[in-house]
Amino acid sequence: MPTEFAITYSTQNEYESLVNGAFWQFLIIPEENDTQQLLDWEMKSNIQLDQNESVNGLGFKSIHAHTKEKFTKADFKASFRVQKKSSNPFDFIPNQNWQADLEEIQSIAFRTVNEIFLRKTRFTELPSDFTTIFPFNANKNVFENLMALNHWVFVHLFFKVGVTHVDTPLQEIIEKRHGVCQDFTHLFLAIARANHIPARYVSGYLHQGNGYFGDSQMHAWAEAYVPQAGWVGFDPTNDILVANDHIKICHGLDYSDCSPLKGVVYSSGGNKTSHSIEVRSSQQ
Amino acid sequence: MKTDPTNSLFSSYPQKTELFDEVFEKDGSTKAIYEKLLCLYGEHSIMDYVNLNNKAKSSFFNQGITFQVYDKEKTQEKIFPFDLFPRIIDTDEWDIIESGAIQRSRALNLFLQDIYHDKKIIKDKVVPLELLSSSANYLHQMMDVNPPGGIYNHISGTDIIKHSDGNYYVLEDNIRCPSGVSYVICNRTALKRALFGVFNHYNAYTVTDYAENLLQILESVKPHGVDNPNCVVITPGMFNSAYYEHSYLAKAMGVELVEGRDLFVENNFVYMKTINGPEKVDVIYRRIDDAFLDPLEFRPDSTLGVPGLFAAYQKGNVCLANAPGTGVADDKAVYTYMPDIIKYYLGEDPILNNVHTYHCSRPNELKYVLENVDKLVVKPVDEAGGYGISIGNKLSKAEIKQVQEQVKKEPRKYVAQSILSLSVHPTYIDEKESFEQRHIDLRTFTLLGKDSEFVLRGGLTRVALQEGNLIVNSSQGGGSKDTWVLKKDE
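So the sequences go chain by chain: H and Y.
All letters in the first sequence, in the order written, are residues 0 to 283 by numbering that gives the first Met the number 0.
All letters in the second sequence, in the order written, are residues 0 to 489 by numbering that gives the first Met the number 0.
Since the hints were made in silico from the structure, they are not lab data.
Hints should not be assumed to be uniformly reliable.
Unchecked claim - Heads up, simulated DSBU-like pairs for lysine-lysine below, C-alpha to C-alpha not over 30 Å straight-line:
hint : chain 1 : residue 1 : chain 2 : residue 2
1    : H       : K119      : Y       : K487
2    : Y       : K124      : H       : K119
3    : H       : K175      : Y       : K342
4    : H       : K72       : H       : K271
Claimed, not checked - Pairwise CB distance ranges, derived in the manner of DEER restraints:
hint : chain 1 : residue 1 : chain 2 : residue 2 : range
5    : Y       : Q405      : H       : K69       : 35 to 43 Å
6    : Y       : T205      : H       : G269      : 40 to 48 Å
7    : Y       : K407      : H       : P168      : 24 to 32 Å
8    : Y       : G165      : H       : V165      : 53 to 61 Å
9    : H       : P168      : Y       : E404      : 23 to 31 Å
10   : H       : K69       : Y       : Y386      : 55 to 63 Å
For each residue, glycine too, the CB sits at the ideal point set by N, CA and C.
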């Protein structure tokens, strides 16, 4: 049964001094894929903009907005209607063991195609003291190992807003054991990649009202490659597999590929920014 | 012809016969191609020469042809030392250099096309996957992007040396933003001003046609659907070490020189701000590094680039020359696979030799390198401009130990090559008021367009001004010479 979601993304930006010009990129449009269909969307602002659809470096739809007037306050409100088909991440026949999975994952053809999602980035490189923090079990297959990893990250880290920021290094997150969905995801990616499993950072929306962690803001989770199944979504912040409640926007190597709002603002002085998300569903 | 002992210019020329001198044979006689030149120079005394050399230098200074040397503590503005005694390359030798440079550029272009699409060369195990996965210059954003005209490395600077065996060897391929071409042209101008009577006796190719060929190449890679492309040169600004060159090339091509703030992107097209309103830009010869091109896609703190530029490029609405992500192929580790890369894509043997290279990332080669640091040149794979290079036979015991430690720490970061004996050329040395042998190399400039190619007939002969020094980069205090490529005798 498909579910229809109504998603609202809003952001308020206030600047100390007059802004002469700005160029923003929003990565907030839900991706269209096998399970997601974008019915319609719009974005409004309190200031006059030249606004158009574009793509980011990995080809995901983005919105470019270029100001036409000077301002000190810029508010944006975007709304999306998405239809999502239900899916079952367990609906495949996995290989019996790690060895069979390894044969596929270690082949040169496979590694060549997926090489970029095996890379260590500044967010996903395991600090040298922690390379064996979660060893994979050679008696289990990749899927079982990844589920165990998902659970382990969920248990190891405590969800806490405001203690980490976008640039907090993985070392600090592992040591202090707290963070937000972005940090949970980077830790999952770092360990999966260190075990030769291609894994990518996903940014998206999470259905609200189920008591999930991280549902009031833009959410993040991981997709990892599972032999026989393909890319499977893991949400370590909530210790669940991604199924019907996650609406994907885009993926990338890490947060820096997926950050929802990037921009260049020609102004001096500080600014205040706030974001909020609303996701409502209606079963059809 | 024997050198005339009364020829005061070269009477005290200290010729080391173990070095390969491009002008004099081992017995002291002059090579045929230089005979006329020596005769003409012989009419002058050393004092005449000093005067002319000073005149040429001040002409550089007056034209503002300077560059900056970066150092940990300070940055210095310098004139590129110029030597009035030219280097001559005959037709037959040049043909090898020219066809070899084109072959390398074409192979590198196909390599870039492949590694940003199907990566066949890796699946076929000709080059290892690690070459890409460990390269910081590989831009995943370039995957499946099709640059207009199918060209990645529009401009390549290939550094070539003549070894004591008389053959040419390629030292490295520079395909990010190779610089130096403006010096080639200025050297020629300066030499002609000082010694027109001499230049006139040789039938050498012009070098001033570079800009018009560059413009043709840039126009050939215009975006689809554009008839008369609007080309611009983008510079990081006047504080960049190659700013003179950026402004020279823009002026010589008759196109605008812009900075990032002069451009903006609207609806995935690039526009230039002009007093008559926005003007669409189709081809950008960019002299800013990948990381600074677009703050939305690369370094977010870049103020040199243009927000939205990469999206416009991905959509095929603007051409960037060179393409972003070419740096992955001028990595010194890729260099070592060049013979295989040429064979793989072109089915040809390399025309120009490669210097044999040891990869420190391979355990047994690492072992050899660590044991033979004193006999090798050890270089970091990702630094340009001669920084971080150590030449084994010039190192003290402590320095050798230091190099070993560095290499052991990050083997992937280093390659090593046998120490080559670069050819030498008589070069006027200010402090000694006489000519001495100095090591030289040659940077060639190759242009690749849609269905066309061009090699500048000349190039930048760089001189290592310190006696015995093998590093000729301008940032390491090198000088340069005008380089004459002779036309075929009719």
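Going through the hints against the structure:
1. H/K119 <-> Y/K487: 54 Å, violated
2. Y/K124 <-> H/K119: 23 Å, holds
3. H/K175 <-> Y/K342: Status violated; Cα separation ~53 Å.
4. H/K72 <-> H/K271: Holds, at roughly 10 Å.
5. Y/Q405 <-> H/K69: 35 to 43 Å: 52 Å, violated
6. Y/T205 <-> H/G269: 40 to 48 Å: Check failed, 57 Å falls outside 40 to 48 Å.
7. Y/K407 <-> H/P168: 24 to 32 Å: Once the Cβ atoms are compared, 26 Å apart, the range 24 to 32 Å for H/P168 and Y/K407 holds.
8. Y/G165 <-> H/V165: 53 to 61 Å: 58 Å, holds
9. H/P168 <-> Y/E404: 23 to 31 Å: 26 Å, holds
10. H/K69 <-> Y/Y386: 55 to 63 Å: 44 Å, violated
Violated hints, in rising order: 1, 3, 5, 6, 10; the structure is consistent with all others.
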